Amino acid sequence: MTFGSNFDTAATVWGSAAIGFAPFLCFFFQIVFPKSQLLIISTTSAFFFLLAASFASLFWYILNPVIGLGGPWSALIPGIFFQFIFRAAFVALYHKVESVIELSFEKTEEEQQQAISGGDDPNPAEHTDLQAAKNKLSLNDAACGLAAGTGFGGLHALLLFGSLLASETSDVGILYQPSCPKVPALLVSALNTFCFFFLDIFWMLFTFFGMRRRLIFPRGGGSLADINPLSRPFGHYFGNTRSGGNQALITVLLTHAMAAGFTTFNVFQYGCVFSLTTLPALTLATAYIFWSAVSKIYMPLPHSNVRLSLPASFSYGGGTTPTAAGGIHPLSSTTPERPPPEGPDLVEQFRNNDD
Amino acid sequence: MSRRRGIRSSRRDRYGPEEDEKVDETDIATAPYLLATDDGTAPALGPPRDPTPLAAHNSSEEPSSLWKLGRRKKSENEDVSSEVEPLSPQNDQDIFRDEPENEDDGAVNVERGNSSEDDEDSLEGYDMTLQELMYSTSSFYAIVVPVTITMILSALAVVYVNNEDTLEDGAQNMAAAYQFFDVYNGSYNTFQAVMLSLLNGLIIVTCIGLMTFVIVALYKYNCMLCLIGYMMFASTSLLGFLGGHMWYMAIQIYNLPVDKLTFIGVLWNFAAVGVLSIFYGRGIPKYVAQGYLICTSVILAWHLSYFDDVTAWALLFMLALYDLCAVLTPCGPLKALVNLMSREDAPEMPGLLYEAELPPEARRPGGPQRGRQNNNDNSNERNTNTDPSGNNESRDSDSGYDAVTDSRSEIGSETEGPRIQVPLAVARVYNLPVIDIPPHSRPVLAVHNPSRSSNRPLLGENEDFIIPDEPNANQLLTDVIVQLPLLGGRIERIRRNGRYMFEEKDRFGNPKRILWVDRQGRVFAESADYGTENEAGGKNTIRLGLGDFIFYSVLVAKAAEYSFTTFMVCMLVIIAGLGGTLVLLSVFHHALPALPISIILGIFFYIVTRFLIEPWIESILLRPYYV
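Quick note, the sequences are listed as chains C and V, same order. Quick note, the first sequence lines up with residues 1 to 355 if you use UniProt numbering. Quick note, the second sequence lines up with residues 1 to 627 if you use UniProt numbering.
Derived from the structure by calculation, the hints contain no laboratory data. Here the structure is a predicted model, which means the values were calculated and not measured. Yeah, the Cβ is synthetic: ideal placement off N, Cα and C, and Gly gets one too.
The following label-pair restraints were derived from C-beta to C-beta distances:
1. V:Gly186 - C:Pro65: 30 to 36 Å
2. V:Phe588 - C:Leu93: 18 to 24 Å
3. V:Gly209 - C:Ala92: 41 to 47 Å
4. V:Ile203 - C:Asn140: 50 to 56 Å
5. V:Leu622 - C:Ala11: 23 to 29 Å
6. C:Ile31 - V:Glu618: 28 to 34 Å
7. V:Asn255 - C:Ile31: 42 to 48 Å
8. C:Ile31 - V:Glu168: 42 to 48 Å
Only chain V is shown next, with the shape it has when bound in the complex (with noise of 0.2 Å):
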């Protein structure tokens, strides 16, 4: 049994016709940098017009991991809207101009930095910001409900789309496909089946993690159309052939009138729909895939719900311990997914995750004043402060976030800021003084200087160039090295749904706006609809993994497989297990599982409940008497 992931392209056109040249991705490229301002050395190019107000944003993508409760702000698909003007270059801009330097602001940054260091490093027992404490809530809010629906529809689907010749039958079939050990036709006492079972859970479990191990390699090594293939074929043969299973099973039990054609027509239609739902997205609701996502989980959570009940518990307890290895250790899979997946241009996988919509207000803690720590910051720890997942921590410590501190330390000077490299747009529009051009666009903008020595190279660093006043979209796309002020705002290459922008940041390093050029050479900034988002163009949300959906709906189905009052409680306490880990997310701001806390809790008072509670009503339901 395989994780179901999905991918999309991550090939996607960047810009114009360097869309197949590689891109650069130096230090210089992804650093952040300070903005110039109209010194009068550079061209007659201004800084945008109409700064756009920014509410907090985070350029980091979350981690995701099938099992592991991320946030993540996802950017959606956007094309360049012909409703939003180009930005143009103007003369004065307040928010890049060259800040003199103030003696204080270092210190003052350094210390409200250190102040909130310890401030959170104060932070203990059930102390939380109140960042954290919207965020918690607003997370939990957002994903009960469809955890919960999926739970309830998983426990229909196992109680109803069955008779006891359908279970007894997929009982013997799924002993037969997955155990080792064989406990549903064995003759063992319970605490031999129990063991047994335990071992047959670890060898399931062992394949898991062997497959899991597959996938991080296929990932690693940029795999994507085989893991694309692999995660469709997937998904196809989920909604189609155990889907209609299920719905075969139906038809039998409830002899529902269904013809052959219009089986498979709406077979097919479904499982198509689905597909395109969840890998393709564009022009489909976003209902739709999340409704999909809820009918995997339904019909596989179903289709593993056919194990016996020892064998059953058993697997779901290794499971939950194994969630807890693959994310935790550092050897795990999940950890190395997960870590892969939060770089900065880590293509996505959709299929593979649940993704809830967070109101505006519930932010990620650590937003703004995470930015204007790192300014002055070199310490990794805010970084590791800075969002609850792992993920968020490396991804910034290997870009953003450290490449702010090394353009200040290492690629500018004391006395002047680091360089950039961006297309020519973008540094007309700011009004940045271009001080060279990188080797692939020198074809472009490189003018052959007669009066140059002949012993120097053709193509040397020092090799003239000229800016155009009026440039054709070809040289407006062309990268070009600019500098930057010492103080000031800074620009961020981003990459979002495979195309690369660029963010900009005020002095404090908060985000201001997202740019990005088009075919032609316009530079267009986010919407206004921005402020409204923590991030330009993208939305705040969490995410669930789909594997954690199924396994809690297994965990209920068998539950429901044996009263009602059992399906009562496992739903409650995963749902309150869900509740905590959470909570947890937050306070720890690291990855967690996902699994443990809820399916843990779920065993213990499946137990209780079915031996102490049930007892207990019956004697109270006697007469009946009420307490």
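Bound conformation, chain C alone (with noise of 0.2 Å):
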């Protein structure tokens, strides 16, 4: 083996590492490491894509050795459906994690008010201890979104693209694949990678609000006339409403089987000019989504997790602007920590505007 064949490997394989593990690094080492729930969060959906790849390869076992389905899509659908599922799932116990956090925060809070009005409070450092502890164990949507992409993202990379790298590093020469003979086949899955990592982080950004509108808002309501994206203003399209919840986690759903379908034109020879440009393009349309349909409403309510005691047949408005008072805000760090007036005040929120 000549020396330049052995650099053009170390090269190949050094700059496919960069290419699919960067973005993974970088969000790792920014954003979740620094701090230990995030870090948690993120083991913890890392564990979940684990669960979602097991049952996905035990039915494609099923299917393709066992029964004979063979085809990409017989690997492919069992493994976009459970990691949808295994996302959701993820998300619900982070919801019931929430909930046990703010049960402790109430508890000491109500612990301390005991002790300040029973005029017995030897440790009035333990105040500062539970703002410290809040600001410590807070969680919000957003970074925990993040994390958890970012988790769930970083074991998919580490698995589908890690292996096929360490399986390249030895001196045997560079893999080509008929799919596209002038790309060396590890940058070509280096650069599904790095667009699926983002992809990643956006469906779990999705699933999250999805999953929280599914908490907040009961069943019912709503009219046609909610699904029309446009009723509504940019940054708002799916609206703050658990149809729109819906909608986000339909969206995961059709662009993870989008995404992965492009894929498929590796099978044509030079198919990769077709996959290595539509991937890219979907993984932009799906941030372009993200930013036009929930940034600006995002983050939920600050008592999120209070199940409303709405009436089945109220129905959604459209378009003026929201209330301060207990209405649906949007993203926000400054709306007032009470819990949203309940009744016939809410349902006329809702009447006169949903966003």
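Join the two chains, each given in its own frame, into one complex according to the hints.
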């Protein structure tokens, strides 16, 4: 093996690794690693991806080697489906943990209030400790969505691209495939991994948005007019409603299926021309959908774990700006922390505006 | 294969000329006592000046075992700092004044304690206190980094400091040395090989258990020199010989130009510094000791990875089961060791545990509130909920907190407070009335009274004594028995790094400061930085046994031998299992084994990855597709 060949192999390996893992490493060490709770969320979401991959592989094993249903979709469809299911399951678990943490805060605050009111507060330092704990354990959908997406997409990249990378590190030459005779297979996979990592981030953010709205808002209600995204301003296209949450989840499924489907162009010779153009385009499109549809309404209400008791017969309205009193607020960190008003006031709010 | 344990000397000078004198560890001496104030009857002594505000304190030492997660507040070796001024007698101190008895105090505290008990008892399902949450998250964050580094280094070492010949030779040597049934060379089918490997694992685990019992016996009967010597010998051998073997293998594989003298010199220094940093530690940065513990784990994992695949996985499975039984069952050797090491005067065994520091806000669950409740509650259940470690339970029940209740109910009467034996210097600082002197102090403080009856014994308990106005150093270090008021602060004798100190607590049981007496009879309190730490002079840490590091690394290394995918999956599930164990540690409040969850998950997902996930990935990457 000549020096030039070894150098090419090393350059290909390291360069592809940089392309494929750079987003994950940047997100992980810049956003996730400095905070303990985000590290835990990221690790847990990675574990959920592992569960999704396990189930997907089991179904593939039943479909392909056992039943004999070959083809790429026997591997892709279970992958898409179980990743969607386990993303949603992770977010559901996150909501449960969030409620536990909030319950702990409430109990600690109650105990401190009792101690203060009883005139027996020997440890005023505990008040600052409570605030420090609140700051440390504070969870919000944006940071946790990013962390979860990093973990989910990170293990996704490590398993699907890392396996190929590890197998290509030996000095046996550079692998080329018929789908892309001019570009090393490692580089093609690296580019796929790059796009899919960002897609995983957006898919997880969409899942957080959708599951949160499904948690907040009850079933029923709404009208057909609400489905029209253009009835709302830019950044609110999906609407801060249960229907909007469902739309976000459906977007995840569709875009994931499209992304996986675009990679099936590689079955043809020179198919990478299509896959390596459509996949980045889809990534940009997904980013645009996130920006236009949920970016202004992504963060939930302050007490978003409170299930609103609304009659099923209420209907959404259109268009006016929300009020500050207990309505659905856009992306804002200054929302007053109080529970939304119950009963007719809230129904009226919804009748006037849902964004 | 024995557990590595390291110990330091447990017999150090306490203070002054009484260093060789055995401490009279009676209940009186160890029980927390109330502090007296200047009531006019005592000599003109006073409370300490400038009381240092305290954070939550926990004087208990965490249990430690090779394969158990425990939390410990380690107090570093502290010499009497010249920067800290000794305490001097003062006339008034609000903290230690005899508080008027409040009829509602006990009821309130008991009620509060009961309500807290009810609150805690009502916690079910996923409910956790805030402190538990903070502690869990911080513990996970602190321990996951060294565990991950160890696993990655072990995997790299096993993959890159080996070739096919070395693997084959190593497997044969390990089979010859450790396997009762030679699975590697024998002609068995898969099922037979698995069963025989499990039997081999059982035999190895039995030997480990027997050696652990020997260690427990040595520790129990204070054969510390024997243990220390063995641990140091084991560490030296491991770092020197096994580490040298690993380095020699790397030299051969990569043709590194190293001469013999350099090889021996570097190895000698490597082993010597490692042993010093692990077992001595003074003057050596903590990260050096931590690095050497990681190196120890990597070297041993590299060595153990020479087992053939079936034997290695079977051994890991048996070790997980053994850890489960050894820690949780009453007759388990690790549980016995944990209980022994949780005693207040238990000597430490370095070289056994990796210790990671936690942030100050991550306090161990059950700090000051526990003390408040323990002042009024005789229930040991609260003690059991104080700490997640069982050792703290038993230790607290054997010493401090039970002694609190004992001092109130047995030693003291309803009208007068309990008595405590403290050095005269401490009594002077807190203006405590001296009631009597113990027998060992009589040669220093006793005064012959010619007016007493000749029928009375020479050294009876009514022997007169005099407290000099300006005692010398010898007299200041002499123990005296003082009586404390019924309500007020407390003093508890504690032991840190082989020295006896005194912990001052307020009337609610909240620790205020740590006191110690130097050889000149001067009393020192902890520095102002005490408020930033959970205990005076100590750090809030979490400890993980070195065996956990080793066997996590063995599992990941064996997975890495197969493929990168199995390596990543096993590393992830081990970290996830470790996190789950830490959560359970906070929830169940007693010692838990760290191996079972991670090892069982690792074995399961290794099989799933090898036989399901990898073929699925290969089918996806065929074109390549992506999903």
